[in-house]
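Participant: First residue of the sequence shown? That's 141 in our numbering, and the numbers climb one at a time after it.
There may be inaccurate statements among the hints.
As the list claims (entries may be wrong) - Pairwise CB distance ranges, derived in the manner of DEER restraints:
id : residue 1 : residue 2 : range
1  : D329      : N400      : 41 to 51 angstroms
2  : R321      : E214      : 43 to 53 angstroms
3  : K423      : D389      : 32 to 42 angstroms
4  : G327      : S285      : 16 to 26 angstroms
5  : K423      : E374      : 18 to 28 angstroms
6  : P317      : E409      : 27 to 37 angstroms
7  : S419      : E281      : 16 to 26 angstroms
8  : S285      : A425      : 38 to 48 angstroms
Unchecked claim - Here are the simulated DSS-like cross-link-like pairs (lysine-lysine), alpha carbons at most 30 angstroms apart as the crow flies:
id : residue 1 : residue 2
9  : K274      : K423
10 : K431      : K401
11 : K437      : K423
Don't read these hints as lab results, they were simulated from the structure.
We treat Cβ as the ideally placed atom computed from N, Cα and C, and that holds for glycine.
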Amino acid sequence: MRTTRTALVAAAAALALTACSDPSSSGGGSDDDSTVRIGSAAFPESEIIAEVYAQALEAEDFSVERRMQIGAREVYLPALENGELDMLPEYTGNLLSYIDSETTATSPEDIEAELPDALPDGLEILDPAPAENKDSLNVTEDFASENDVASIADLADVDGLSLAANPEFAERSYGIPGMERVYGITGVDFTPINDGGGPATLSALLDGTVDVADIYSTTPSIVENNLVTLEDPENMIAAQNVVPVISSDTVSDEAIEVLNKVSAELTTEDLIEMNTRNSGDEKAAPATIAKDWLEDKGLI
141 MRTTRTALVA
151 AAAALALTAC
161 SDPSSSGGGS
171 DDDSTVRIGS
181 AAFPESEIIA
191 EVYAQALEAE
201 DFSVERRMQI
211 GAREVYLPAL
221 ENGELDMLPE
231 YTGNLLSYID
241 SETTATSPED
251 IEAELPDALP
261 DGLEILDPAP
271 AENKDSLNVT
281 EDFASENDVA
291 SIADLADVDG
301 LSLAANPEFA
311 ERSYGIPGME
321 RVYGITGVDF
331 TPINDGGGPA
341 TLSALLDGTV
351 DVADIYSTTP
361 SIVENNLVTL
371 EDPENMIAAQ
381 NVVPVISSDT
391 VSDEAIEVLN
401 KVSAELTTED
411 LIEMNTRNSG
421 DEKAAPATIA
431 KDWLEDKGLI
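Turn these sequences into a full structure, and let the hints guide you.
Facilitator: Below, the structure written as structure tokens:
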């Protein structure tokens with residue numbers, strides 16, 4: 141039986157949404173059936189993805205009301221439930237585990253099968269994108285070549301394996317316990333670094349302090365440093381495909397068709413490039429990144 145977390149009171153969600161609303165948003169308001177109110181979580185990638193969906197809808201003559209950088213799930217899911225938002229991009233695995241803390245689903249197929257029934261009444265997911273942003277285990281090209289490593293399973297044959305990740309990796313099901321349970325990897329020398337796979341974790345990998353680093357899969361440093369992301373054939377790490385979550389009563393079939401068309405084109409490699417443009421030297425704005433990507437894919 142799933143355990144659904146208690147939603148925040150509507151007033152708190154409304155306050156957060158009001159604070160994060162974009163006053164320059166297009167659209168005529170919530171009473172206009174052609175207006176889609178799109179939100180994002182409070183981190184850049186989520187805003188970029190939301191902007192992609194927003195501009196695709198605008199290109200098909202929908203009005204869009206933007207409410208970016210809202211906050212965490214505790215705020216934006218209640219806002220979707222109570223009708224203050226119509227759509228927001230999410231990640232399949234984290235969304236399911238938030239709603240149902242007892243889920244054991246990790247593969248894309250199992251997560252997508254469980255999500256529809258787990259979601260609160262009035263919400264639904266559309267087609268997940270191929271794009272994912274999730275924990276990933278990475279090694280240098282030299283390490284991969286010298287140890288004949290291509291997947292997490294191959295690490296079982298490496299003596300004295302060392303790994304850097306966030307401190308919680310020591311206890312999470314996809315962390316040290318999972319490596320032992322799923323792949324039989326034991327005796328890992330673990331270095332906790334609390335930067336979410338950021339510069340300190342990357343430095344520990346590149347300078348040889350550790351053999352393996354947990355870095356989110358859409359982090360630009362993976363490509364910039366030619367890291368090898370290890371395959372996870374047993375789905376130890378839960379799938380995190382980008383997926384639009386919508387209010388069933390307010391998003392039209394025509395809008396759903398547009399959103400699904402966008403999702404079908406969005407890849408992990410696209411997200412890496414988008415994040416690089418946003419966080420790197422260019423510092424490109426989410427709206428610019430979204431427009432360029434949509435034009436490149438022939439979607440607008």
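Participant: Against each hint, give a clear statement of whether it holds in the structure.
Facilitator: Cross-check of the supplied hints:
1. D329 with N400: 41 to 51 angstroms: 45 angstroms, holds
2. R321 with E214: 43 to 53 angstroms: 30 angstroms, violated
3. K423 with D389: 32 to 42 angstroms: At roughly 39 angstroms between Cβ atoms, D389 and K423 fall inside 32 to 42 angstroms, so the hint holds.
4. G327 with S285: 16 to 26 angstroms: Holds, since G327 and S285 (Cβ atoms, about 23 angstroms apart) stay within the stated range.
5. K423 with E374: 18 to 28 angstroms: 39 angstroms, violated
6. P317 with E409: 27 to 37 angstroms: Cβ of P317 to Cβ of E409: about 30 angstroms, so the range 27 to 37 angstroms holds.
7. S419 with E281: 16 to 26 angstroms: 23 angstroms, holds
8. S285 with A425: 38 to 48 angstroms: This hint holds: roughly 39 angstroms between Cβ atoms.
9. K274 with K423: Answer holds: K274 to K423 is near 23 angstroms, not above 30 angstroms.
10. K431 with K401: The hint holds at about 15 angstroms.
11. K437 with K423: The given pair, whose Cα atoms are some 22 angstroms apart, holds under the 30 angstroms limit.
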